[in-house]
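Starting from the given sequences, assemble the full structure and let the hints guide the process.
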Amino acid sequence: MSEATIRVDKWLWQARFFRTRTLATALVSAGKLRIDGVPISKPARMVGPGAVLTFPQGNAVRVVRIIACGDRRGPAPEAQALYDDLAPPSAAAPDPADAPAPGFDGGGRPGKRERRNMAQHRRDADPFALE
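The number in our numbering is simply the position in the sequence shown, starting from 1, with 208 added.
No lab work stands behind these hints: they were computed from the structure.
Check each hint, because a few of them may be wrong.
DSSO-like mimics (lysine-lysine), calculated; alpha carbons at most 30 Å apart, straight line [stated by the list, open to error]:
#1 Lys-250 <-> Lys-240
#2 Lys-250 <-> Lys-218
#3 Lys-218 <-> Lys-240
Below is the structure:
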């Protein structure tokens with residue numbers, strides 16, 4: 209009796225790592241997926257329980273071990289039962305886009321001087337902006 213296997217793009221979609229199967233296929237086709245440390249570029253590659261997948265998702269790199277192949281794309285708890293997350297928990301790094309502009313302390317509504325500083329900061333950041 210052979211072990212159950214499934215296409216890697218279909219598994220990524222069923223495990224809810226990607227919203228559509230097309231996105232999962234694009235990631236694999238771009239060569240950004242590793243199975244057991246080996247780069248893969250064919251979405252039709254078959255995987256089964258025990259395989260370790262490494263791939264980027266957003267700003268993080270996901271490392272997961274397949275536990276089961278699954279039968280359908282079910283709800284999130286069912287999808288989370290398909291894999292074991294091997295990535296170490298990391299402290300969320302602050303996003304530089306969320307930092308307040310220089311000259312603005314972030315408390316309440318900015319005053320006239322703070323608005324001028326923010327406007328100057330935007331002009332400095334975009335050299336093609338009209339003055």
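Hints versus structure:
no.: 1; hint: Lys-250 <-> Lys-240; result: holds, 11 Å
no.: 2; hint: Lys-250 <-> Lys-218; result: holds, 12 Å
no.: 3; hint: Lys-218 <-> Lys-240; result: holds, 16 Å
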